[in-house]
Amino acid sequence: MSLRATLTSFALASSLIAAPALAADKVIFQLDWLPGGDKAPIYVCIHDGFCRDAGLNVTIASGRGSTDAISRLAAGSADVGVADIGALLAAKANENVKVTAIFSEFNKGPHALYVIKSGRIGSMADLKGKTIATSPFTSSNFYLPLVLKDKGVESSDVKLIKAEPGSLGPMLMAGNVDGIVAWMTDLTRYRNQGKEAGKEIVVLPWSAAGLELYSASLIANDDFLAKRPEVAKRFVEAYKKSIEFAKAEPAKAAAAVKAIVAEISTEDVEGSLNDTLPLIFNEVTDKDGLGVFEPARLAETWRRVSAAQSIDPAKFDPEKAVTRHFIPAK
Amino acid sequence: MTSVPTYAASSSKRQPKAMTDPVAGASPFFRRLATAPGMATLGSLIAVVILWELTARIFAIPSYLLPTPSSVIQSFSSIGYDRWFVHVWATLRVAMIGYALSIVIAIPLAILMLRSPFLSRTLYPLLVVVQSTPVVAVAPIIIVSLGAGDAPRVVITCLITFFPLVVSTATGLAATPPELIELSRSLRAPAWREITQIRLPFAVPYIFSALKISITLAVIGAVVAEFCASEAGVGYFIQFSTSMFRLPQAWAGLIVLAAMSLALFQLVLFAQKSLFPWSLPKKD
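Residue numbers (the numbering used here), protein chains in the order written: chain A, 1 to 330; chain B, 1001 to 1284.
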């Protein structure tokens, strides 16, 4: 074999060996908040190889709320991310931001009221004349007036205090407030905090109070979907596998988060993940499937969001905010 | 009537002795230790920490309200040294680049404003507007505009540190004795020599006052930026720890941040002492 032929064969062999590494498509994933157990699927995707097997090289950027995540996705700082679909519907109706929901993750809202057992609140209907605390930027604040109205309580009858998320638990334990607005994904952490204070925490989910809506969803930049649809499709498939893995192996999923985020404790992640899984896998998932945007539920989500944000519901068609093209087949 | 003056007289004799030599009866070793520089500060700090630990334990204060100093110390090892290094370096890098950028912009700008009354009239109100705008309010806009990476955090840090530097430098440059300026002009010294050899040396104490203020503001700026968007940094670490209800860990981050600010302040002071010792205030 001539030298030229040898070199050519060598180059060809090298390129074939290097092909999978070179082919990995870069994707920037935008979180809507800081890392935690409720964000485990994307860490599983990276750590346990689902993203790699799909030919994806994914990096994660943390966010500071759904609005922040949607702004960054719209600005093109990230390709795909997770954010509340309520915030997306409002943003699309008001600003027509260039992002679209491609996969439903939480088909139930995570919003809840936490109270102390044997405290002054036993149900959402007891809120009249009580003081509750919430964090300033949570999407739960939009839905609170609706839940109160459903229970016959006027918003003006409830004293609402805005406080930094980390101080909500201590305010509840110290008896500064009768209840706090927080997500179901933090149930274990609040219960542990209650144990330390010698108090039992009771959670009142708003989904049980009649608030039926989609919540956290995968949302992608429109340019990313238009220019790299195959990458988006592979990503959603890998993400779905990661969610299913997290359900089957929560301990391994927690270890995956810990492997990437050293500051977190595996127990905290596993607790939060177990609190999160019922928002992903429930009777709605059994009926419609994982990741699906069922038209009637999506319309109900928009009805609630538009009412909460005082937007004319006829102003926007919620179907324009989603695409079902990237949802893997059952 | 006679007892009062007797008491006053005796106490006035004892008082000066107690004031001048509080460790009169101690051994030479303890005497040296007690009078060593910084010992009073260290002693009071240790006393506060012991009091804090005892109060938290005796009253069984939950860790989410006030963690004990021992739990804070333990939480330093909750992440490895390599992670601490990542966080400290991320904050330090942004603080230093932002600080350097503000120096590079502020000092020439102050010189330009001194030389041009027109620029001074037009830029000064703008600078006041920039300074009056809460950086926390504009930080999210800066982050969305400049994208991920260090750039938005550096800009936020620069915005916070910039104003004291411009104002102090401009004040220092203008504070030069007019007779020296008249002398230099009578000797037909060019403008750049007037600036570099007369005005800037006179402005050095003012510039260093601002540099000392700005170095602590630089750390604050970096932390504010990390609170808005970051994947690493001591501010991010504190925010993350708080969100995970890990208060002792958040306190550990606060201590690191305070130590970092203190070290950087001392570094600026050291630079002033080494390079411009004459610019320091005279000791009594």
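No lab work stands behind these hints: they were computed from the structure. A portion of the hints provided could be inaccurate.
Straight line, CA to CA, 20 Å or less: simulated EDC-like cross-link-like pairs of lysine to aspartate or glutamate [unchecked claim]:
1. A:K258 / B:E1231
2. A:K258 / B:E1179
3. A:K26 / A:D286
Simulated coverage check for chain A against chain B, where a stretch passes if three residues somewhere in it have a Cβ under 8 Å from a Cβ of chain B [said to hold, decoys possible]:
4. 89–96
5. 285–298
6. 310–319
Only part of the chain B face toward chain A is listed, based on derived beta-carbon distances under 10 Å [said to hold, decoys possible]:
7. A1026
8. F1030
9. F1059
10. T1171
11. A1174
12. A1175
13. A1229
14. L1247
Built from N, CA and C at the ideal position, the CB exists for glycine as well.
Results of checking the hints against the structure:
1. Taking the CA atoms of A:K258 and B:E1231, the gap is about 15 Å. The hint holds against a cut of 20 Å.
2. The hinted pair formed by A:K258 and B:E1179 fails the criterion: a straight-line CA distance of about 68 Å is larger than 20 Å.
3. Of the pairs offered as hints, the one joining A:K26 and A:D286 is violated, with about 33 Å between alpha carbons and a cut-off of 20 Å exceeded.
4. Counting residues of the segment 89–96 of chain A whose C-beta lies closer than 8 Å to any C-beta of chain B gives 0; at least three are required, and the coverage claim is violated.
5. Figure legend: the segment 285–298 of chain A, annotated as covered by chain B; annotation inconsistent (0 residues with Cβ-Cβ distances under 8 Å, at least 3 required).
6. Look at the segment 310–319 of chain A against chain B: 0 of its residues bring a Cβ nearer than 8 Å to a Cβ of that chain, fewer than three, so the hint is violated.
7. Look at B:A1026: its Cβ only gets to about 44 Å from chain A, farther than 10 Å, so that hint breaks.
8. Restraint check, B:F1030 versus chain A: the minimum CB separation of about 42 Å is more than 10 Å; hint violated.
9. Interface hint status for B:F1059: violated, as the beta-carbon distance to the closest one in chain A is roughly 13 Å, over 10 Å.
10. With its C-beta approaching chain A no nearer than about 38 Å, B:T1171 sits outside the 10 Å limit, and its interface hint is violated.
11. With a least beta-carbon distance of about 42 Å to chain A, the hint placing B:A1174 at the interface is violated under the 10 Å criterion.
12. Below 10 Å, beta-carbon pairs count as interface contacts, and B:A1175 has none with chain A, the closest being about 43 Å; its hint is therefore violated.
13. Interface hint at B:A1229: satisfied, since its Cβ lies 7 Å from the closest Cβ of chain A, which is below the 10 Å cut-off.
14. Because the closest C-beta pair between B:L1247 and chain A is about 8 Å apart, less than 10 Å, the hint holds.
Checked against the numbered hints listed earlier, the structure breaks hints 2, 3, 4, 5, 6, 7, 8, 9, 10, 11 and 12; every other hint is satisfied.
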